[in-house]
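Asker: Heads up: the protein sequence lines correspond to chains B and P, in order.
For the first sequence, counting from 1, position 411 maps to 411 in the UniProt record's numbering; every step adds exactly one.
For the second sequence, counting from 1, position 84 maps to 84 in the UniProt record's numbering; every step adds exactly one.
None of these hints come from the bench; they were simulated from the model.
Be careful, since some hints might not be right.
Which bits of chain P does chain B cover? Going by a derived footprint, with three or more residues having C-beta under 8 Å, they are [stated by the list, open to error]: (1) 5-15; (2) 54-68; (3) 203-211.
Here are some chain P residues pointing at chain B (derived, C-beta under 7 Å) [stated by the list, open to error]: (4) Gly19; (5) Tyr51; (6) Thr227.
Idealized CB from N, CA, C, for every residue including glycine.
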Amino acid sequence: MSGTYLGMPAFPEAAREAVGNETLRGNLRHATHTIRAKRAKAVTEVSDWTELREAGKRIKDHTLRHLDRYLEQLEESVTAAGGIVHWAADADEANEIVTQLVQMTGESEVVKVKSMATQEIGLNEALEAEGIHAYETDLAELIVQLGKDRPSHILVPAIHRNRGEIRDIFRAEMSEWGRPAPEGLTDTPAELAEAARLHLREKFLRAKVGISGANFMVAETGTLVVVESEGNGRMCLTLPETLISVVGIEKIVPTWRDLEVFLQTLPRSSTAERMNPYTSTWTGTTEQDGPSTFHLVLLDNGRTDTLADEVGRQALRCIRCSACLNVCPVYERAGGHAYGSVYPGPIGAILSPQLRGTGSEIDASLPYASSLCGACYEVCPVAIDIPEVLVHLRERVVEGGEVTREGNKVVLRPAKGHAAERAAMRAARWAFTHPGALRTGQRAASRTRRFHPRTLPGPGRAWSGTRDLPPVPAEPFRDWWLRTRGGKDGAK
Amino acid sequence: MRVALFLTCVNDTLYPDTGRAVVKLLTRLGVDVDFPMAQTCCGQAHYNTGYRHEAEPLARHFSDVFGEYEAIVTPSGSCGSMVRELYPRMGERARAEGRGDTLAATLAPVVPKTYELTEFLVDVLGVTDVGAYYPHTVTYHPTCHGLRGLGLGDRPRRLLQAVKGLELAELPGADECCGFGGTFALKNSDVSAAMGTDKVRNAESTGAEVLCAADNSCLMHIGGTMTRLRTGMRPVHIAEILASTEEEPAV
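Please put together the full structure from these sequences, using the hints given.
Answerer: Structure follows, in structure tokens:
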């Protein structure tokens with residue numbers, strides 16, 4: 001994945017800063033609660049939501065099971081329609097392919113449709129290194145790019161910014177990139193949107209190369225589909241002479257008919273809209289209409305390895321709606337940056353450690369960035385059991401085991417830093433399989449209760465820093481039961 | 001009906017009052033309660049922290065201890081969901097790892113017989129009015145594993161609404177996690193504390209004297225935050241409210 005996130009600290013440290021930032025917490029709280037309520041309403045409007053969710057899950061599972069076949073079908077269809085298909089095993093390969101394709105056009109500027117895949121591989125940075133400037137045209141991505149910031153949400157990358165902050169970014173930065181912000185720009189949404197529109201229009205009309213991702217690829221016709229709210233994506237897909245689409249291999253659906261399900265569940269889950277305002281589809285090239293050259297870069301980057309894991313593979317069903325982010329109490333407090341990946345929130349916590357492996361500190365900490373409350377699973381429109389995968393990945397971190405990396409089976413060793421915990425878990429397991437030992441421990445705790453410290457040492461300090469401990473009772477329940485047989489012997 | 005009380009290791013060690021309340025309540029409702037002394041822990045902390053293989057002996061121990069009873073009642077949505085939701089999954093995983101059906105077969109008998117307390121009262125005993133008296137304003141926090149794991153729905157609220165003298169105050173953001181999450185509270189203590197603080201502030205805004213839930217683990221976290229923030233509110237397990245009567249009122 002993107003090199004920009006390398007060297008991130010583990011999630012708890014990254015989150016600590018966010019939790020202490022009152023403005024950030026306020027922005028996130030307001031935004032997630034608003035969209036959460038809207039989503040809930042949009043979903044209850046559909047009488048067959050449960051069936052749609054199940055259908056989406058099944059279509060995705062079926063496609064993933066036969067991914068090899070559908071990818072070959074897609075390549076044939078795209079080629080037959082006049083497109084050129086490229087295969088990229090990882091981020092470096094994808095960046096190299098795209099850079100060369102742009103260089104072949106002789107252009108040094110490209111316009112971009114908001115795309116998670118190109119962010120995942122760090123395409124903008126790779127292009128920049130070769131002197132090619134990539135302009136983000138999605139409003140929120142523009143705000144992030146102008147602010148030299150990182151996206152904090154899958155769907156609303158600038159969710160962590162409020163209107164005042166956005167006005168300040170526009171005023172300070174727009175002139176560096178092109179048309180400056182209008183004089184006296186205020187923080188009203190209409191004025192901010194107009195400033196962005198004028199700034200972007202210049203780019204759209206000048207650009208000869210467009211770069212996109214896709215929400216879906218239809219295998220039977222080789223059609224790519226982008227759903228969006230602003231129309232900027234359609235401008236990028238239709239105005240340039242050359243279009244390069246970088247798409248993860250899991251984005252495939254077999255037929256047009258399958259789209260019906262997702263075109264209902266995606267907008268309602270993501271923006272709480274009944275239908276997304278713009279649905280653009282393109283199939284290869286058409287004379288005198290749209291780009292005359294079309295390249296499709298199919299990106300693996302850890303997806304085949306993820307597919308090899310029978311519990312974790314369900315993460316590949318994800319349609320990037322971000323409903324799980326909006327309901328997640330951990331995301332709400334920690335913000336998107338703490339996840340150290342372009343995929344934040346609950347889905348990021350299971351996707352990143354699978355795509356990248358659990359080798360780095362941040363990736364080993366992500367499976368623990370959840371209280372397992374289950375709200376993410378409940379809202380997921382393709383029924384990804386995120387808590388199940390989180391626990392599965394925790395097991396991988398603490399116990400190691402066999403995984404697939406770059407197509408090969410490798411045996412992971414347990415991650416460092418869990419030795420004390422492992423010892424404690426083993427000791428607890430021993431005590432819990434020896435009821436007598438448990439009872440002895442309970443009694444010792446009760447007898448010494450007057451001497452218990454108010455703050456705890458070691459890892460327990462994390463508890464007693466912000467919370468009081470309950471006092472240990474004079475007598476554990478089992479002793480009371482033994483003494484009274486549940487009150488039958490008279491004593492209370 | 002011979003019912004086994006699975007009190008959970010947390011309740012047994014730290015919250016014996018909850019266990020006494022469950023015994024009192026079920027006995028009052030005519031249930032013959034037994035407390036198998038060999039019981040320990042369901043293994044949830046192990047399982048959820050990633051130590052599934054350490055959790056397996058605990059799950060087998062649970063089945064050995066409780067397998068013969070007609071029903072197993074626990075005053076914990078969290079431990080209840082461990083047995084009902086995750087024991088079958090442990091069996092499936094063992095099978096997928098080529099270890100055969102032994103674990104699944106060992107755990108299967110206890111899965112359908114395990115009930116969270118409020119579920120047992122409403123679904124098995126068929127009561128919502130348990131004859132309780134509790135003259136306080138109470139707000140109810142539906143814990144995550146009870147709410148989403150077991151799907152307790154409005155059962156606890158229906159039981160509380162039938163309690164004489166009790167005034168139920170709606171908790172804003174009720175279905176949001178309190179931030180406990182077992183080892184999450186230690187591993188991500190800052191986020192956990194922020195979630196707990198928000199939960200307590202929401203509870204305070206209701207004006208209730210008591211925050212009630214069907215899980216002492218969550219109550220330990222919420223209660224510890226309450227005293228640290230000096231709110232004056234008290235955490236109380238729902239069993240203690242339902243066990244309280246005019247003759248023997250809970251404190």
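Asker: How does the stretch 5-15 of chain P fare against chain B when you require at least three residues with a CB closer than 8 Å, holds or violated?
Answerer: holds (count 7)
Asker: Is the listed coverage of the stretch 54-68 of chain P by chain B valid when you require three or more residues with a beta carbon under 8 Å from a beta carbon of that chain?
Answerer: holds (count 5)
Asker: Three residues minimum, CB to CB under 8 Å: does the stretch 203-211 of chain P make the cut for coverage by chain B? Let me know.
Answerer: That given contact is violated, which follows from only 0 residues of the stretch 203-211 of chain P lying within Cβ reach (below 8 Å) of chain B.
Asker: Closer than 7 Å between Cβ atoms is the bar; does Thr227/P clear it against chain B? Give me holds or violated.
Answerer: Since the shortest Cβ distance to chain B is 5 Å, the answer is holds.
Asker: Are Gly19/P and chain B close enough, Cβ to Cβ, to be under 7 Å, as the hint says?
Answerer: With a minimum Cβ separation of about 4 Å from chain B (threshold 7 Å), the hint on Gly19/P holds.
Asker: Holds or violated: is the Cβ of Tyr51/P closer than 7 Å to a Cβ in chain B?
Answerer: 5 Å, holds
The structure is inconsistent with hint 3 alone, although it conforms to all the rest.
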